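A.B. asks: Single-letter residue listing:
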Amino acid sequence: MKGNSSSAKQLTDRDQYKAPSKPSIKKVPPKRKKRRKSQAFQEAVTGYFFLAPALILLGVFLLYPMGAAFYYSFTDFYILKPDDISFIGVENFSYIWQDAQFRQAFWNTVYFSVIVVPVQLAVALGLALLINKKLKFRVLFRTAFFSPVVMSLVVVSILWTFMYNPNEGLINQLLGIIGISPQPFLTSPDQAMNSIIVMSVWQGAGFQMMIFLAGLQNIPNHLYEAADIDGASNWQKFLHVTLPGLKNIALFIFITISIAAFKLLVQPMIMTQGGPLGSTNSLVYHIYETGFNYRDVGYASAMAVVFTLIVLTITIIQRMLIREERG
Amino acid sequence: MKRKKRIQRVVLYVSLILLTFIFLFPLVWMLVSSLKDEFQIFRDMKSLKAFLPPAPGEVEEGYFHNYIAAFQRVDLMKYILNSLIYTTGIIVFGLIVNSMAGYALARFRFPLAGFWLGVIIATLIIPPESIFLPLYVLVYDLGWVNTYTGLIVPFIANAFAIFLFRQFFLDFPKELEEAAKIDGCSQIGIFFRIIVPLSKPVFATVAIVLFINHWNDFLWPLVVASDESMRTIQIGLQYFMNEPPIKWGQVMAALTIATVPMLLIFVFLQRYYVQGLTHTGSKN
Chain E
2 MKGNSSSAKQ LTDRDQYKAP SKPSIKKVPP KRKKRRKSQA FQEAVTGYFF
52 LAPALILLGV FLLYPMGAAF YYSFTDFYIL KPDDISFIGV ENFSYIWQDA
102 QFRQAFWNTV YFSVIVVPVQ LAVALGLALL INKKLKFRVL FRTAFFSPVV
152 MSLVVVSILW TFMYNPNEGL INQLLGIIGI SPQPFLTSPD QAMNSIIVMS
202 VWQGAGFQMM IFLAGLQNIP NHLYEAADID GASNWQKFLH VTLPGLKNIA
252 LFIFITISIA AFKLLVQPMI MTQGGPLGST NSLVYHIYET GFNYRDVGYA
302 SAMAVVFTLI VLTITIIQRM LIREERG
Chain R
7 MKRKKRIQRV VLYVSLILLT FIFLFPLVWM LVSSLKDEFQ IFRDMKSLKA
57 FLPPAPGEVE EGYFHNYIAA FQRVDLMKYI LNSLIYTTGI IVFGLIVNSM
107 AGYALARFRF PLAGFWLGVI IATLIIPPES IFLPLYVLVY DLGWVNTYTG
157 LIVPFIANAF AIFLFRQFFL DFPKELEEAA KIDGCSQIGI FFRIIVPLSK
207 PVFATVAIVL FINHWNDFLW PLVVASDESM RTIQIGLQYF MNEPPIKWGQ
257 VMAALTIATV PMLLIFVFLQ RYYVQGLTHT GSKN
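In the order they appear, the protein sequences are chains E and R.
Using my numbering, read the first sequence as starting at 2 and increasing by one per residue.
Using my numbering, read the second sequence as starting at 7 and increasing by one per residue.
If you are wondering where the hints come from, they were derived from the structure by calculation, not from laboratory data.
For clarity, every value in this text was computed on a predicted model and none was experimentally measured.
Sample of chain R residues facing chain E (criterion: CB under 8 angstroms; computed from the structure):
hint, residue
1, LEU30
2, LYS52
3, ASN104
4, LEU111
5, ARG115
6, ILE131
7, ILE137
8, LEU225
9, GLN240
10, VAL257
11, PHE272
Subject to a maximum C-alpha distance of 30 angstroms in a straight line, what follows is the list of computed DSSO-like cross-link-like pairs (lysine-lysine):
hint, chain 1, residue 1, chain 2, residue 2
12, E, LYS137, R, LYS55
13, E, LYS248, E, LYS264
14, E, LYS134, R, LYS8
15, E, LYS134, R, LYS11
16, R, LYS187, R, LYS206
17, R, LYS84, R, LYS253
18, E, LYS134, R, LYS10
19, R, LYS10, E, LYS135
20, R, LYS11, E, LYS135
21, E, LYS238, R, LYS8
22, E, LYS135, E, LYS238
23, R, LYS180, R, LYS206
24, R, LYS55, R, LYS253
25, E, LYS137, R, LYS8
26, E, LYS38, R, LYS187
27, E, LYS248, E, LYS135
28, R, LYS10, E, LYS238
29, E, LYS82, E, LYS264
30, E, LYS238, R, LYS11
31, E, LYS238, E, LYS137
32, E, LYS137, R, LYS11
Note that the Cβ used here is the ideal one computed from N, Cα and C, for glycine as well.
Looking at chain E on its own, in the form it has when it is part of the complex (with noise of 0.2 angstroms):
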């Protein structure tokens, strides 16, 4: 008792040879209990006034429809008629298995990422190599391989569009004068997808090469003079100096691109309708027709529940590989 008044006297003492008025909040020592309890209290308080706005958006927003989301799935639930909704069980589920455009429209986003997502990654990466260099005109060559990132993905859809008519369009004029016959593109089931692939990949691969510049600009220079001494060839740096040094960059461009490629909709949306004959019909498109052009909710809701399981398990796979790749 003796020792804790005494130590409040220092302490106002101290404080008010600081500031007269009002007491520092930071200078109280840990021996004074109550004090220091409503100022946890406090503390607590201005805490949760500046996170309330965020958490409780989130929750009515994000976490509340996540939820409706589970919860629909396992009804009828009708855009149409919203009164009338009955618990059906797993119906929905297994009928996704019997719906061959389900099926198809998995199998085609598979193909997608598996194609875009390595293509993507490896053209991002010749890029950054390419320009990381002392080069005339290196900014102009940068801004270049980037501007295609600043068109919005609905912009580029309908450029590409016309860019691939297969009478009137620009590639196949372009094709012509280097003397390859016009090609079909997103009128025929063989080359439609691969179309918007080669599109997505000269969308999306400029972003991607921002951030391994960044990645090749921060490996130390003193690791290639060291490989230098040791006569190490171009190809020896690149193996042992470079791509070690951009491991983590090029894991963290891997998740992001498989998500991205995963949630395939625009193109498909506005260059195909996920024609012809249903070739480039992709999960999200499909989720979003049954929802919408359909109104069956709880029919596209169990597609969406499925949909973020597969999304999270490639997340928790990827993390679980780099992981193993640190440790």
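With chain E fixed as given, assemble chain R onto it according to the hints.
C.D. replies: For chain R alone, coordinates are given in the frame of chain E:
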């Protein structure tokens, strides 16, 4: 040896120029074609003139006739305005709400702080595409369909922005806040009068990231702003592609109009933009 180096150099530059062509030709074609009339577009496509602007005086109706026609055909001005209201709303409210949350998580000790941080980071994994249906039902029940509220409010809180702010505030020196506290400034006062003015870079970065994401947004405006008067520019563009008569010159003009704001941001705010990019890359 010297000769070998020179050949390498030539190969490098030739491939760089070729790549530049591959990455630029759609953009150049779009810009150039937006100035031509239909006859010129199709005639020029047969040669490399496709990438050259029309000669002065060649276009009878004037250089910008496609732009004028595009604005006359649909209410593009309204679409642009809607896009601006949508993005500005999300940026203004988003900066306030997310910076406050990031600050709380960086500075205050309170029960469950760690838990909430975990929840916020976990929400990053939820693909927005998987919740847009129930979100639409919710917004519908709230009576927000075809309103700016319905467009903006669901996307104010942003886990990624909260995370960026938190990282920034963690590195922010504490001494200033302590001095302000001694001077009797309230927590809210400290935040808005001291922290915010000194944190311009992170605010600029988050604002730009939000602008780019939402200016380019497609799915949410498509479903919530179904009414013609509420359309954003990205949705409005489809009109030129789908409604006959389809005029290629007008399409290219409309696409250019939708790209200009992004282009301006990129040209003038490149520093913050690239900062945002590298943040995304290194901090995760």
